[in-house]
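Residue numbers (this note's numbering), protein chains in the order written: chain A, 2 to 569; chain B, 93 to 541.
Derived from the structure by calculation, the hints contain no laboratory data.
Glycine included, each C-beta is placed from N, C-alpha and C at the ideal position.
Among these hints, one or two may not hold up.
Chain A residues, not near chain B, derived (Cβ > 12 Å throughout) [unchecked claim]:
(1) Asn-173
(2) Leu-277
(3) Glu-500
Footprint (simulated), chain B over chain A, 3 or more residues, beta carbon under 8 Å [unchecked claim]:
(4) 250 to 260
(5) 359 to 370
(6) 410 to 418
(7) 429 to 440
(8) 451 to 459
(9) 561 to 568
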Amino acid sequence: MSHRSDTLPVPSGQRRGRVPRDHSIYTQLLEITLHLQQAMTEHFVQLTSRQGRSLEERRHAEAICEHEALLSRLICQTINLLQSGAASGLELQVPLPSEDSRGDVRYGQRAQLSGQPDPVPQLSDPEAAFVSRDLSNRGIDISVFYQSSFQDYNAYQKDKYHKDKNTLGFINLGTSENKLCMDLMTERLQESDMNCIEDTLLQYPDWRGQPFLREEVARFLTYYCRAPTRLDPENVVVLNGCCSVFSALAMVLCDPGEAFLVPAPFYGGFAFSSRLYAKVELIPVHLESEVTVTNTHPFQLTVDKLEEALLEARLEGKKVRGLVLINPQNPLGDIYSPGSLMKYLEFAKRYNLHVIIDEIYMLSVFDESITFHSVLSMKSLPDSNRTHVIWGTSKDFGISGFRFGALYTHNKEVASAVSAFGYLHSISGITQHKLCQLLQNTEWIDKVYLPTNCYRLREAHKYITAELKALEIPFHNRSSGLYVWINLKKYLDPCTFEEERLLYCRFLDNKLLLSRGKTYMCKEPGWFCLIFADELPRLKLAMRRFCDVLQEQKEALIVKQLEDVMRE
Amino acid sequence: MFTLPQKDFRARTTCLGPACMQDLGSSHGEDLEGECSRKLDQKLPELRGVGDPAMISSDTSYLSSRGRMIKWFWDSAEEGYRTYHMDEYDEDKNPSGIINLGTSENKLCFDLLSWRLSQSDMQRVEPSLLQYADWRGHLFLREEVAKFLSFYCKSPVPLRPENVVVLNGGASLFSALATVLCEAGEAFLIPTPYYGAITQHVCLYGNIRLAYVYLDSEGVKVKGLILISPQNPLGDVYSPEELQEYLVFAKRHRLHVIVDEVYMLSVFEKSVGYRSVLSLERLPDPQRTHVMWATSKDFGMSGLRFGTLYTENRDVATAVASLCRYHGLSGLVQYQMAQLLRDRDWINQVYLPENHARLKAAHTYVSEELRALGIPFLSRGAGFFIWVDLRKGCRGSGRCLQANPKWQKTPVPLRARSQVTNAGELVIVSWPEGPAATVDLGHSGAAED
Numbered sequence: 002m003s004h005r006s007d008t009l010p011v012p013s014g015q016r017r018g019r020v021p022r023d024h025s026i027y028t029q030l031l032e033i034t035l036h037l038q039q040a041m042t043e044h045f046v047q048l049t050s051r052q053g054r055s056l057e058e059r060r061h062a063e064a065i066c067e068h069e070a071l072l073s074r075l076i077c078q079t080i081n082l083l084q085s086g087a088a089s090g091l092e093l094q095v096p097l098p099s100e101d102s103r104g105d106v107r108y109g110q111r112a113q114l115s116g117q118p119d120p121v122p123q124l125s126d127p128e129a130a131f132v133s134r135d136l137s138n139r140g141i142d143i144s145v146f147y148q149s150s151f152q153d154y155n156a157y158q159k160d161k162y163h164k165d166k167n168t169l170g171f172i173n174l175g176t177s178e179n180k181l182c183m184d185l186m187t188e189r190l191q192e193s194d195m196n197c198i199e200d201t202l203l204q205y206p207d208w209r210g211q212p213f214l215r216e217e218v219a220r221f222l223t224y225y226c227r228a229p230t231r232l233d234p235e236n237v238v239v240l241n242g243c244c245s246v247f248s249a250l251a252m253v254l255c256d257p258g259e260a261f262l263v264p265a266p267f268y269g270g271f272a273f274s275s276r277l278y279a280k281v282e283l284i285p286v287h288l289e290s291e292v293t294v295t296n297t298h299p300f301q302l303t304v305d306k307l308e309e310a311l312l313e314a315r316l317e318g319k320k321v322r323g324l325v326l327i328n329p330q331n332p333l334g335d336i337y338s339p340g341s342l343m344k345y346l347e348f349a350k351r352y353n354l355h356v357i358i359d360e361i362y363m364l365s366v367f368d369e370s371i372t373f374h375s376v377l378s379m380k381s382l383p384d385s386n387r388t389h390v391i392w393g394t395s396k397d398f399g400i401s402g403f404r405f406g407a408l409y410t411h412n413k414e415v416a417s418a419v420s421a422f423g424y425l426h427s428i429s430g431i432t433q434h435k436l437c438q439l440l441q442n443t444e445w446i447d448k449v450y451l452p453t454n455c456y457r458l459r460e461a462h463k464y465i466t467a468e469l470k471a472l473e474i475p476f477h478n479r480s481s482g483l484y485v486w487i488n489l490k491k492y493l494d495p496c497t498f499e500e501e502r503l504l505y506c507r508f509l510d511n512k513l514l515l516s517r518g519k520t521y522m523c524k525e526p527g528w529f530c531l532i533f534a535d536e537l538p539r540l541k542l543a544m545r546r547f548c549d550v551l552q553e554q555k556e557a558l559i560v561k562q563l564e565d566v567m568r569e
Numbered sequence: 093m094f095t096l097p098q099k100d101f102r103a104r105t106t107c108l109g110p111a112c113m114q115d116l117g118s119s120h121g122e123d124l125e126g127e128c129s130r131k132l133d134q135k136l137p138e139l140r141g142v143g144d145p146a147m148i149s150s151d152t153s154y155l156s157s158r159g160r161m162i163k164w165f166w167d168s169a170e171e172g173y174r175t176y177h178m179d180e181y182d183e184d185k186n187p188s189g190i191i192n193l194g195t196s197e198n199k200l201c202f203d204l205l206s207w208r209l210s211q212s213d214m215q216r217v218e219p220s221l222l223q224y225a226d227w228r229g230h231l232f233l234r235e236e237v238a239k240f241l242s243f244y245c246k247s248p249v250p251l252r253p254e255n256v257v258v259l260n261g262g263a264s265l266f267s268a269l270a271t272v273l274c275e276a277g278e279a280f281l282i283p284t285p286y287y288g289a290i291t292q293h294v295c296l297y298g299n300i301r302l303a304y305v306y307l308d309s310e311g312v313k314v315k316g317l318i319l320i321s322p323q324n325p326l327g328d329v330y331s332p333e334e335l336q337e338y339l340v341f342a343k344r345h346r347l348h349v350i351v352d353e354v355y356m357l358s359v360f361e362k363s364v365g366y367r368s369v370l371s372l373e374r375l376p377d378p379q380r381t382h383v384m385w386a387t388s389k390d391f392g393m394s395g396l397r398f399g400t401l402y403t404e405n406r407d408v409a410t411a412v413a414s415l416c417r418y419h420g421l422s423g424l425v426q427y428q429m430a431q432l433l434r435d436r437d438w439i440n441q442v443y444l445p446e447n448h449a450r451l452k453a454a455h456t457y458v459s460e461e462l463r464a465l466g467i468p469f470l471s472r473g474a475g476f477f478i479w480v481d482l483r484k485g486c487r488g489s490g491r492c493l494q495a496n497p498k499w500q501k502t503p504v505p506l507r508a509r510s511q512v513t514n515a516g517e518l519v520i521v522s523w524p525e526g527p528a529a530t531v532d533l534g535h536s537g538a539a540e541d
């Protein structure tokens, strides 16, 4: 029986303690061994997660796993000793594997790890789960994939900053959430029209979403997206979140192993939503930051790039079924002009691709000089049967905990197929009622909520960008969303994803959670995503931690550069 | 109670992945019903399900092949409900409409529930409830669930919040468990007859089937056993000895056991003596015993979408939690559920006694009607349903039981028809998984007379 505690122990892939700056040799060795362990971990995942192999292949894979496990133990010991040796400055001797008391793990069919909690970095939880005898291979895959990516988020959940009760807690500027209008939303949601208990709300519902809510969503989108004709409630499906909508779309538009194209960098959460249940691959269409003749503004999306990516995918034998666009874009904040949007849709039509457009930030455009154009506002779509729009209240209304997402599509076959997932992604009847009331009150939205929200977003954006300018950090996003895309390349030497990860860890050590570019499938290392939609006091404290970390990083770089010079 | 099925009656499941494709074909319409329907379909071709997959060509469809199967299956499953919703009974507006006694829902205590849910402690709104939280459920809720289950399941030691995962309903739990415990194409064993929707729950995403043939028949790997106690549709309650027997059997074959106790508080006959699996002193295989509970039945809130998993197996809890992002429920609802579960006084002194009294009265009423008509049925003291044997009444042709997910308006010669419904007809739904001609007659619809 596993003795793991509820808090996840420190994963071996990330350092938690202070970097022993005075012991650079140890640091280097530590980094090398951590890197090696990371590589082995990834290989381990690959080996254990592949399904449908022959018995012989499986035995072979297990033998390799066994060897790698022993090697992993050796590496853990090395790390332990390096860290303790670095602190005490003692001469070290790496013990032989046979002396390792934790080397008693047996790997058979899928043996369970004998858990003895260790005070120092050890086999991470994900790795222990690899050898679970209880989960299926795909269960392990899901668990490892998800948990390894959300460990830091989970750590933050257990140790949140609070101005009185927990001043040393994590501040999260890495999750895209709008916390600026909690006062307005709390007040609105407590008004009397919100509290209605009818028997139909407590009984099994229409799984596609209660008709009263779908009618309201159709009306709401007609108005705010400026649709030329009234949208049809029958084309609306509501589920418990936009990620659920995306997962269901991936299920019905693709067969397992097929793919969508997505311009990168893009919101990394899509990778989970397409893979965990649906097993659909996301193929990034890499955009470049550098302005050139063909790239007239940073991270420009062109049809040429889309075609190139599509061709490459086909040459690799991948079946691409659709294109995913986020407009306004996350993390760049770009807003596609109607002309560009049309070009992308025409590209998709040319190749019979579906287009999924996520417009979840459509009401979060705070730059008054820019007008957002929803795809639903276009008079005619190149391929209306293959254009599917996602919207939700999580970002625009800052109620990510409500769990609501909507699909609008002219294609009744797709709407119907997505409805099949309604009971697995259902929304409570009471919640549906509240959402209906919320969306219905256009006057409150237009006169109170939207102006206040946009104003606060603008102010927070101003504050953040002023800080970034003072630090001379280049950034992207001047108009929409809850985040800025910042460039920390000058703090990385060499500029690699490994260095980016280490800098990310340094932020974590200082209880600041950011998102790094790799999780957005960005091709270029050094980019980070910083969410600014938080209350000013917390934001200010976060920026102080941010500056401290960059200062530390700068000093570490200088030390490293001096050492390099001395060595030559 | 654990019925091994006869050889000629095999589970048909609509599995949507390649592993299950061979089950489908011209017999698609029967995938949701039993063997008996094949003959009927031949006689009554107009009753075939909507969207014969053979008729859906890939040229005209925008969906993937997996998508087409999902859509076809959903259309057939929903057909019956659509027919019902288009002609729903209403005392004033549509007295000759269809009354649904085929969905297991408790509509008897809406007055009590609406009172409780309207109290001021239920109206609280706080920023933390509106924001992203721990996907496996707010800690305050998981703590409350652990306490609640410890009390009502009478666990020998207090249950722990770390072993609780919260999702938006029992269906989602089945889906997540099927996905993390099995590979595509594998199976769970389930005693029959059983609540048919579970087939869909484990198939849609999980792509596994339910087997009620013996373990290694047809080369399908069985990974788990599903037990529902109290049982739906029979109303049986397993004794602790029986439970131990099944759990020992499962351990012998290294099966996971998913125990669905969603009706645990709906045992209205005191003499029945219900025992939760969590009340057993020692489980044969605690790492492979997973318990499900939800408010849908016991608290008559099927529309609220709240289900919980209790398991000591951290790997399983973590794997299920990895899917919780897609099965999340509103923070406000989580808060309300915690308030509800916490209110032992109201539950023990108001709700449960009243609920049981009303269930018992409704059960008595329907039982008497059935006896008067000479219709045999199983009399049990739990759940909202009666397992009724209408084979005699159908004069052997089985025609009244159109084994099709469609609702079939059949004039049934019930002497008390006018009393029961004040409407033209009583709808009978064939329950697909049981022997051909038995029918599930729910009795907990609010009796209008």
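Hint by hint, here is what the structure shows:
At roughly 9 Å from the closest C-beta of chain B, the C-beta of A:Asn-173 falls inside 12 Å, breaking its exclusion from the interface. Its closest Cβ contact with chain B, about 6 Å, brings A:Leu-277 to no more than 12 Å, contrary to its assignment away from the interface. Annotated as non-interface, A:Glu-500 keeps its C-beta farther than 12 Å from every C-beta of chain B; the closest such distance is 29 Å. With a cut-off of 8 Å between beta carbons, the stretch 250 to 260 of chain A has 7 residues touching chain B; three or more are needed, and the interface restraint holds.
A count of 0 residues in the stretch 359 to 370 of chain A with a Cβ less than 8 Å from any Cβ of chain B is obtained; the coverage claim is therefore unmet, three being the minimum. With 5 residues having a Cβ less than 8 Å from any Cβ of chain B, the stretch 410 to 418 of chain A passes the three-residue criterion, so the hint holds. Counting residues of the stretch 429 to 440 of chain A whose C-beta lies closer than 8 Å to any C-beta of chain B gives 5; at least three are required, and the coverage claim holds. Counting residues of the stretch 451 to 459 of chain A whose beta-carbon sits less than 8 Å from any beta-carbon of chain B gives 0, not enough to reach three: the coverage restraint is violated.
Evaluation of the coverage hint for the stretch 561 to 568 of chain A: breached, as 0 residues show C-beta separations to chain B shorter than 8 Å, against a requirement of three.
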